[in-house]
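Note that the protein sequences, when read in sequence, are chains A and B. The opening position of the first sequence corresponds to residue 1 in my numbering, with each subsequent residue numbered one higher. The opening position of the second sequence corresponds to residue 110 in my numbering, with each subsequent residue numbered one higher.
Hints listed in this document are in silico derivations from the structure and should not be mistaken for laboratory results. Wrong hints could be hidden among the right ones.
Label-pair ranges, simulated between beta-carbon atoms [to be verified]: (1) A:A13 / B:P179: 43 to 53 Å; (2) B:T122 / A:N53: 41 to 51 Å; (3) B:T185 / A:N54: 37 to 47 Å; (4) A:S9 / B:P117: 30 to 40 Å; (5) A:D67 / B:T222: 28 to 38 Å; (6) A:P109 / B:N127: 44 to 54 Å.
Partial list, derived from the structure: chain A residues whose beta carbon lies under 8 Å from chain B [claimed, not checked]: (7) C12; (8) G43; (9) H49; (10) P76; (11) H77; (12) Y87; (13) F99; (14) G102.
Below, computed lysine-lysine pairings styled on DSBU-like, alpha-carbon distance capped at 35 Å [unchecked claim]: (15) B:K120 / A:K3; (16) B:K166 / A:K108; (17) A:K52 / A:K69; (18) A:K108 / B:K120; (19) B:K166 / B:K120.
Glycine included, C-beta positions come from ideal geometry on N, C-alpha and C.
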Amino acid sequence: DAKTTQPTSMDCAEGRAANLPCNHSTISGNEYVYWYRQIHSQGPQYIIHGLKNNETNEMASLIITEDRKSSTLILPHATLRDTAVYYCIGLYNNNDMRFGAGTRLTVKP
Amino acid sequence: DTGVSQDPRHKITKRGQNVTFRCDPISEHNRLYWYRQTLGQGPEFLTYFQNEAQLEKSRLLSDRFSAERPKGSFSTLEIQRTEQGDSAMYLCASSGMGRLSSPLHFGNGTRLTVT
Numbered sequence: 001d002a003k004t005t006q007p008t009s010m011d012c013a014e015g016r017a018a019n020l021p022c023n024h025s026t027i028s029g030n031e032y033v034y035w036y037r038q039i040h041s042q043g044p045q046y047i048i049h050g051l052k053n054n055e056t057n058e059m060a061s062l063i064i065t066e067d068r069k070s071s072t073l074i075l076p077h078a079t080l081r082d083t084a085v086y087y088c089i090g091l092y093n094n095n096d097m098r099f100g101a102g103t104r105l106t107v108k109p
Numbered sequence: 110d111t112g113v114s115q116d117p118r119h120k121i122t123k124r125g126q127n128v129t130f131r132c133d134p135i136s137e138h139n140r141l142y143w144y145r146q147t148l149g150q151g152p153e154f155l156t157y158f159q160n161e162a163q164l165e166k167s168r169l170l171s172d173r174f175s176a177e178r179p180k181g182s183f184s185t186l187e188i189q190r191t192e193q194g195d196s197a198m199y200l201c202a203s204s205g206m207g208r209l210s211s212p213l214h215f216g217n218g219t220r221l222t223v224t
């Protein structure tokens with residue numbers, strides 16, 4: 001699976017958009033980009049995934065660059081409950097899902 | 110959707126004792142995964158089942174660890190002769206039929222403390 005690089009931590013003001021970047025320059029053509037988040041003392045929660053096209057669901061939007069070397073997860077109106085560790089993972093199939101250290105997002109009032 | 114269920118939520122045991130954890134996946138999911146997570150780290154893959162077949166095991170899964178999924182439904186993870194280094198959160202996840210890209214759905218884990 002592709003190696004991913006994320007900032008260690010980020011802050012965001014409540015009500016504003018949170019934009020979480022991820023670099024995955026070694027991603028291959030058939031590898032998806034997945035995003036999960038983990039709130040303290042809970043299991044990781046699936047957010048969204050995509051291959052080439054931008055994706056949107058009720059939780060977030062995923063913007064993937066045309067060269068697929070990076071992506072951005074967008075939480076359009078961050079709330080305090082969005083404070084969590086966010087993981088970006090690049091892989092072909094979920095039999096091989098490996099988590100890095102992720103980005104610790106803190107939403108501040 | 111009842112989600113992935115894990116039992117117990119917390120387990121405290123003395124070094125040298127055996128422990129067993131249970132995972133009930135989402136009912137229609139045929140793939141089941143075990144992960145381990147220590148403080149401040151992301152989850153680490155341990156093993157994976159498709160139906161009742163254990164298809165992959167990590168090097169992290171020492172001889173003291175064994176996982177089963179006897180009828181392709183629930184799964185158990187047993188740790189024999191526990192050591193203090195086994196203290197961690199043990200997470201179970203499942204994913205559905207169809208494309209290999211189907212996302213994993215995680216339970217809230219079993220936190221093991223070995224004293």
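Taking the hints in turn, this is what the structure says about them:
no.: 1; hint: A:A13 / B:P179: 43 to 53 Å; verdict: holds, 51 Å
no.: 2; hint: B:T122 / A:N53: 41 to 51 Å; verdict: holds, 48 Å
no.: 3; hint: B:T185 / A:N54: 37 to 47 Å; verdict: holds, 41 Å
no.: 4; hint: A:S9 / B:P117: 30 to 40 Å; verdict: holds, 32 Å
no.: 5; hint: A:D67 / B:T222: 28 to 38 Å; verdict: violated, 46 Å
no.: 6; hint: A:P109 / B:N127: 44 to 54 Å; verdict: holds, 47 Å
no.: 7; hint: C12; verdict: violated, 21 Å
no.: 8; hint: G43; verdict: holds, 3 Å
no.: 9; hint: H49; verdict: holds, 6 Å
no.: 10; hint: P76; verdict: violated, 21 Å
no.: 11; hint: H77; verdict: violated, 23 Å
no.: 12; hint: Y87; verdict: holds, 6 Å
no.: 13; hint: F99; verdict: holds, 3 Å
no.: 14; hint: G102; verdict: holds, 6 Å
no.: 15; hint: B:K120 / A:K3; verdict: holds, 34 Å
no.: 16; hint: B:K166 / A:K108; verdict: violated, 41 Å
no.: 17; hint: A:K52 / A:K69; verdict: holds, 11 Å
no.: 18; hint: A:K108 / B:K120; verdict: holds, 34 Å
no.: 19; hint: B:K166 / B:K120; verdict: holds, 24 Å
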